[in-house]
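Student: Build the full structure now, drawing on both the sequences and the hints.
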Amino acid sequence: MPDERSIPQLVDHLFRRESGRMVAALTRSFGTGHLQLAEEVVQDALLQALRRWPFHGVPDNPVAWLYRVARNLALDRLRRHTLIRGKEDAVRESLSLAASASRAGAPPDARLDGEITDDQLRLIFLCCHPSISRDARIALTLKTVMGLSVGEIAGAFLSKDTAISQRITRAQRLIRKRKFPFEVPPPDELPARLDAVLEVLYLAFNEGYSAFEGEQLVRVDLCAEALRLTTCLAGSPPTDRPVVHALASLMRFQMSRLPARVDSSGELVRLADQDRSLWDPAHLRAGFGHLDLAARGSEQSVYHLQAIIAAHHASATGTETTDWATVVGYFDQLLEMHPSPIVALNRAVAVAHLHGPSAGLEAIEDIRDHPAVADYYLLPATRGELLSRLDRPFQAAEAFQEALEGRCSAPVRRFLERRLAKAKERAVAISH
Amino acid sequence: MATYMFLLYNGPDDFDNISPEDMQGVIERYKAWGDSLEKAGKLVGSNKLVDEEGRVMRGRGGNITITDGPFSETKELIGGYFAVNAASYEEAVELAKGCPHLDYGTLEIRAIDEDH
Chain A
1 MPDERSIPQL VDHLFRRESG RMVAALTRSF GTGHLQLAEE VVQDALLQAL
51 RRWPFHGVPD NPVAWLYRVA RNLALDRLRR HTLIRGKEDA VRESLSLAAS
101 ASRAGAPPDA RLDGEITDDQ LRLIFLCCHP SISRDARIAL TLKTVMGLSV
151 GEIAGAFLSK DTAISQRITR AQRLIRKRKF PFEVPPPDEL PARLDAVLEV
201 LYLAFNEGYS AFEGEQLVRV DLCAEALRLT TCLAGSPPTD RPVVHALASL
251 MRFQMSRLPA RVDSSGELVR LADQDRSLWD PAHLRAGFGH LDLAARGSEQ
301 SVYHLQAIIA AHHASATGTE TTDWATVVGY FDQLLEMHPS PIVALNRAVA
351 VAHLHGPSAG LEAIEDIRDH PAVADYYLLP ATRGELLSRL DRPFQAAEAF
401 QEALEGRCSA PVRRFLERRL AKAKERAVAI SH
Chain B
433 MATYMFLLYN GPDDFDNISP EDMQGVIERY KAWGDSLEKA GKLVGSNKLV
483 DEEGRVMRGR GGNITITDGP FSETKELIGG YFAVNAASYE EAVELAKGCP
533 HLDYGTLEIR AIDEDH
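Taken in order, these protein sequences are the chains called A and B.
Under this note's numbering, the first residue of the first sequence carries the number 1, and numbering increases by one thereafter.
Under this note's numbering, the first residue of the second sequence carries the number 433, and numbering increases by one thereafter.
Some clues are possibly wrong.
[To be verified] Derived Cβ-Cβ restraints for the label pairs, each shown as a range:
#1 ASP448(B) / GLU183(A): 29 to 37 Å
#2 THR435(B) / GLN9(A): 38 to 46 Å
#3 GLN9(A) / ALA472(B): 18 to 26 Å
Hints in this document: simulated from the structure, not taken from any laboratory.
Beta carbons: idealized from backbone N, C-alpha and C, even for Gly.
Tutor: As structure tokens, then:
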């Protein structure tokens, strides 16, 4: 049907991709102190499309349209802005460079479009500058680099819109005041600066992977964005390093499980109960591929260890064929490198598989009072599971009850309620 | 068969705080609706009106006053229109029901008087 082909189509995620590129290009021309101005110009350009295209249709070349409008808006702003003068040529040049990157062709995997411009790379390093507080770094990166709205960021981090906006504004002010350069850090600074970037991407991914509110078990958009950027970094020469591949591998393995993590009615399925034939083979392949590249050299990071553990799960057909002794060994290394109650909790689950539920419970005892997990539902929930397996339903019920007092998404809540009901039922049965 | 004007009031706007991804989503909804009208051979044309810079002219007893406006702050500002072929108001209403604009603003349907 030739008629249908003649209607211009919008490539998936076109706006997100191009807005990231345009913000980066404009930040270079305006200077890092005018990051906010760059974002406003791009937002205005997209808004013009939003106002016009519903009536006039999508233009034959939507990308060219967006760049033309953004350029005109930028030049217009320059005319009115007394602090930035003589940047007209810089605007034209950097936008035309970004536009040619977009013209270079559609990415092979539209879902991950694995290419970022050099300016985008600089923008990531700018937003993840270690002088910016960690929370602000994450908020700024999610907004400026990943194109999330303030409302979406507030939702993901259980915060208010105003609080997130303030965080972002403060970060922008700091960038302006300290005159941070727009650059990929020099080689001697790169490893440390890259660590700060990876931490932001890792936290963003985890935030998406374990949504704490609402019906959604996973905020796939957040995970996908974090994975996309990590993949981009892994594919860019200055940041193509083992540690980046290790993080990309870990994210891919996690993503592969998503189809099995929720059943047909939207309910949570635990790792042990998941139908592993549902694990996404494309993500698994990519996960193993990145793991190979992560193994170059002698570097061992927390991402390496977590990716290797995830690879063990991916290689096993189920929990009964998992090499738990090796997994516990890796958790021991991970704990040594990064002592954290969350890691210790995950290790306890592996210990329970290896040595039985009592040993798992004992391992949890050490971290039960740690303030970092005071509100974390997964700790009492794990205790509840292990206590149920030991046929101690009264204590199990107490643990599930405690878990329900923590913050979790609706599907997790329903899951915990079912486990609680089962424990109570068993408690009644054995007391008769 | 008559031509009906779908007058779209105020919008889409109020989108200052949505992500690029969501903006594209909104455009795609309008596009899908517009494309479906076109494929069904119902669409006569559509246009957006410029938000600002209008003129309001009023005449009384030979005196004409000309003022700027209406402005986009005005509640009842027509943002644009679709002209659609339909057999009746009932059909026109059915066609308009799929318009995403109904999530954001008012849509008014008026038949073009063809009884010359």
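Student: Give a verdict on every hint.
Tutor: Evaluation of the provided hints:
1. At about 31 Å, the beta-carbon gap between ASP448(B) and GLU183(A) stays in the expected band of 29 to 37 Å.
2. With their beta carbons about 28 Å apart, THR435(B) and GLN9(A) fall outside the hinted range of 38 to 46 Å.
3. For the pair GLN9(A) and ALA472(B), the beta carbons lie near 19 Å from each other, so the given range of 18 to 26 Å is met.
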